[in-house]
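Enquirer: So you can see what is in the structure, the chains are spelled out below.
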Amino acid sequence: MKKNFKETSKSGARGWLLQRISAVTLFVLLILHFITYHFISMGIIKHVDIVEKMKSPWFNLLQFIFLLTAVYHGFNGIWTIVEDYIQMKLIRIGLFSTILIVAFSLFFIGMLTIFKTVNL
Amino acid sequence: MSKQKISIKILRYNPEKDNKPHWSSYQLEAEHDSTILDILNEIRWNIDGSLSYRRSCRSAICGSCAIKVNGQNVLACETPVHKFKAKKLKIEPLPGFRIIKDLVVDMDNFFEKLKQIKPFLILKKSIPDKEFSQSPEQFSDISESVLCILCGACTSSCPSLWSNPEYLGPASLLKAYRFIFDTRDDGAIERIDIINDKNGIWRCHTIFNCMEACPKNINITEFLSKLKVKVVENSI
Amino acid sequence: MKIEEAKHYHRIDAVIVGAGLAGLRAALELAKNNQEVGVITKVYPTRSHSGAAQGGIAAALANVAEDSPELHMFDTIKGSDYLGDQDVIELFVNESIKTVYEFEHMGVPFSRTGDGKINQRPFGGHSSPRACFSADITGHVLLHTLYEQCLKYQVHFFNEFQVFSLLIKDNISRGVVAWDIRNGGLHIFHSKAVLLATGGYGRAFKISSNAFANTGDSLGLILENHLPLEDMEFVQFHPTGLYKHGILLSEAARGEGGYITNNEGERFMKHYAAEKMELAPRDVVSRAEQTEIIEGRGINGKACVHLDLRHLGHSKIMERLPQVRELALNYINTDCIKEPIPIQPTAHYSMGGIPANTKTEVIRNVNGEIIKGLYTAGEASCLSLHGANRLGTNSVQGAATFGRIAGESMSEFTKSGSYESLIPDPLDQAQKKISQLIDGTGKEKHAPIREELQENMTRYLGIFRNEKDMLIMKKKIKELQEKYRQVAIDDKGEVFNLDLIEAFELRNLLDFSEVLIEGALARRESRGAHYRTDFPKRDDEHWLKHTLSWKTETGVKLDHSKKVIIYWDRFPPQERKY
Amino acid sequence: MYKRTKIYDLSYHNFIGSWAWILHRLSGLALIFYITLHIWVINTLTQGPEKFDTIMNFLNSPLFKYLEVGLWGIILFHAFNGVRIIIVDFFKGSFAQKKIFFLLIAIAFIMWATGSYIIITHIN
Ligand SMILES: Cc1cc2nc3c(=O)[nH]c(=O)nc-3n(C[C@H](O)[C@H](O)[C@H](O)COP(=O)(O)OP(=O)(O)OC[C@H]3O[C@@H](n4cnc5c(N)ncnc54)[C@H](O)[C@@H]3O)c2cc1C
Ligand code: HEM
Ligand code: SF4
Ligand code: F3S
Ligand code: FES
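Residue numbers (this note's numbering), protein chains in the order written: chain A, 1 to 120; chain B, 1 to 236; chain C, 1 to 578; chain D, 1 to 124.
Honestly, the hints are just simulated from the structure, not real lab data. All C-beta atoms, glycine included, are put in the ideal place defined by N, C-alpha and C. Any given hint could turn out to be false.
[To be verified] Simulated restraints, written as ranges between beta carbons of each label pair:
no., chain 1, residue 1, chain 2, residue 2, range
1, A, F39, B, N19, 57 to 65 angstroms
2, B, K125, C, Q574, 42 to 50 angstroms
3, C, K338, D, A96, 25 to 33 angstroms
4, B, G71, C, T552, 39 to 47 angstroms
5, A, I101, D, I120, 37 to 45 angstroms
6, D, L103, B, G71, 47 to 55 angstroms
7, C, R485, B, K5, 50 to 58 angstroms
8, C, G313, D, K99, 39 to 47 angstroms
9, C, K563, B, K125, 48 to 56 angstroms
10, C, Q574, B, L28, 20 to 28 angstroms
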């Protein structure tokens, strides 16, 4: 009947903390983003405007941080959910790989957008 | 005081006869201030002797009688009928645990998990002739957490446990808090290593069901939050 | 039935029956001495009734005021109305200091004084603040800490196992037979030493502060094996039980200055104990309350008086008596800040029990001859530490200290002793009881019998006793026992059969109640908790002695030749005045 | 012994805390869905002005404007409840978690109403 409930020696502490740090960052960035793009410009966003903005390295840095935190936060969140509901080791590993692949692809596509736009 | 008619539905399960639990209905007259336990006793003594449940102290201190009534975990012995406005009671065993019979659930894992977090002082310093010195303030850090009667109402109410029965659960994490934050203890590192785990503290998503369920009104979530910060400080 | 028919046969050096403070403390001691130990308990250890103790644990630490073991000894002896054995009390007061420090080192969270020491509060009958406490949950933290220590030392627990019979033959204990409540089936525990620590017997009364589990099982089993019980007539009634429920409201309510009033709003204690008023000892206050009720001054003519805390004010109640307020709010929907709480005396503590010597070995006659390998401690035992009346906070201390002493004597015994052979057909006794209930075709139910017993015990053997009442009860109990023979239960299953357990417990209630009644009838004096309206005076000349009682085929046999041990030069009996 | 396995016990009485958690989880998932689309759409920036501007025009249709109102709500809920969680984690928020919840949600609601008003009044 002796049972060991301990699953791994790997900690969840880092993920927990980073989830909160990225959340605070996102809170600021996301709301600013929404206000600028969805209210002030009222959705009438032109290709040229963005290319213009992208010339500022500070703006680019912000975009980069936004992309990084959003993808990290979102997919770390999903990983938490998987950990909650999926106990089967194999399925877990499968899902974890999927999450990693999707997250990295998205990050890659985002980076591509930033780089190419900057170089236009 | 005046009596009133109430109707009661109890989730019954007898492993020697039934494949799965089923509802049985009972009608009886109860006084306004009867407790749920009074009602269960009434049923068992006068209507159906085969109803099983746990109880002992009937004064909310032993932790035997936690069950789910109208969708919420309570101690049967301290919960009066008038707490539920409807004159209908729906009584079930604690969710998230396996049912042994009727309202009796298997608490072995619950206690095993408690054992897991080393629930005893770990001393590396030498023991004094008299008592260890501890200030009233240091005592008050843990005085709320030691109120826990290990009734299991919290752990059973936690949605994280429903989906993952291996989750240590709020009760044992609270116990970990009680020792980690006891100034006499030297075992913080060992215990942090145990709860810093996929089935440990990180399954707590501050859902607060535990706190709502706790008959001793312990602010469990606060202590778990303090623990999380402590674990983070110690492992990063 | 043969051994092979048991569901399981366990062979363990020492078996502890009961996981309250006494049982767990003994188990811990054995485990620390590397003895193999198994604890059998019918409820999970942390559910034992020791956890209900609120006020504190007595020890003369002198942390907040002058105190000494000598003074503790005097208070205990006087409290016992001189029926306590003074050698036991002397051992107790000296060892109790160690017990508390040990508890502290195990991690018990005691409330603290400003300079970081264990805090102590005053308690009824103690002449110095001596009760070490943890808020109002002292028993709870002690019990949990002990359980956790037992986990640390890998004590083996048989949770939800109920002992159904003792295996005693030729005055040697060979083990016990227990019913597995969860899965059904009888288990044999073959052991060198057995400790009986099954707690009190307050459940024989209707209005009681005791848990459902406090049915004095081992007392019934002792009687069944033709062994005696001691001083069973002494049952303590606590003055502040919640009306109708009997649930205990802590003595602290009076300590903090609560009033007790009758239907005219009068603080009637001035007629009974003008000096101490509400703070007079428990037996005095309980008797006063009962008198008011009998004379028609109960609230609205009901069997209750009022505990009035309103004058203490909101902040004091919230700070010092949160539990009292919560209990009254939860159970009778009364907020003591705004209204008085209806209370009545409630059966609280059993001074009597299984007789034992200072090494906690169970004795079988007035000469102190022992049953080899059988021990007892805690409320189930009668050493006699509390005599005719125990002082608050002395009982958890007694359970813990003599639990440890039991552990010490047992491990000494198990180290050298060997396994005695089992008796032939060890399961018979237990199986018979079960078959009678499960296969029985009688028409009686156990619940009404129990109710009748409890109601009548409260009525006829309550706070005031007299010959006429007790004779009625004596007849009554025969009737009830007769009825019990016709009991059949509804639940025929094996798994968690509460019906079976309660029916079995009723048998014990009936058995020890019978000897209790006889003991009370015979003791023609008033001493401590035993008060007879027909003999209202203490009678040292004839009754400075213990009662030993046996249940025989022909009825109860009493023996009063066991003398109380008294150091006549140090603590000669005097009148008990407060 | 009867084993009951449930992802969520729907018959359990739900308190503020558990509703907040469920909605937080669902809104988080919705946001992932959105952000994936978003990153993918914005990628058309790299495919020249015509393509990007047509898509932007398409997204300016009333249907997408209403969806945007919903999205704004989801974001605000998730963001403000997220702040609540952080207050609980680090700033003793558990003592008043319900009050904090209602306060933050009230702020979020005002922001949502204002934002939605702007969006809807600008539908062309
Ligand atoms: C409400 C209340 C408040 C109190 N407050 C105080 C206080 O403030 N200070 C103080 O000093 N004292 C107090 N007392 C008294 C004190 O708590 C008890 O006397 C003491 O705790 C008894 O301990 P124990 O170990 O003997 O028995 P318990 O703690 O009663 O334990 C009995 C054990 O025996 C087991 N058991 C019983 N029968 C069987 C069986 N057949 N088979 C297997 N197991 C069995 C049970 O499962 C249980 O584990 C209080 C008592 C009550 C009722
Ligand atoms: C606006 C700022 C945001 C804040 C303040 C915020 C805050 C948080 C916090 C604190 C958590 C952790 C919850 C927990 O551990 O219980 C969390 C979880 C999560 N977040 Fe966010 N978040 C924000 C934006 C986003 C975005 C943009 C996404 C989508 C990409 C997202 C997706 C998720 C997901 C999927 C989870 C996991 C949900 C769960 O575990 O229940 N969040 N969020
Ligand atoms: S924390 Fe509260 S609900 Fe949980 S086990 Fe302890 S007393 Fe019961
Ligand atoms: S309900 Fe569960 S998720 Fe955490 S706050 Fe309580 S343990
Ligand atoms: S019976 Fe002890 S807590 Fe309810």
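Enquirer: Hint by hint, which ones does this structure get wrong, listed from lowest number up?
Expert: 4, 6, 7, 8, 10
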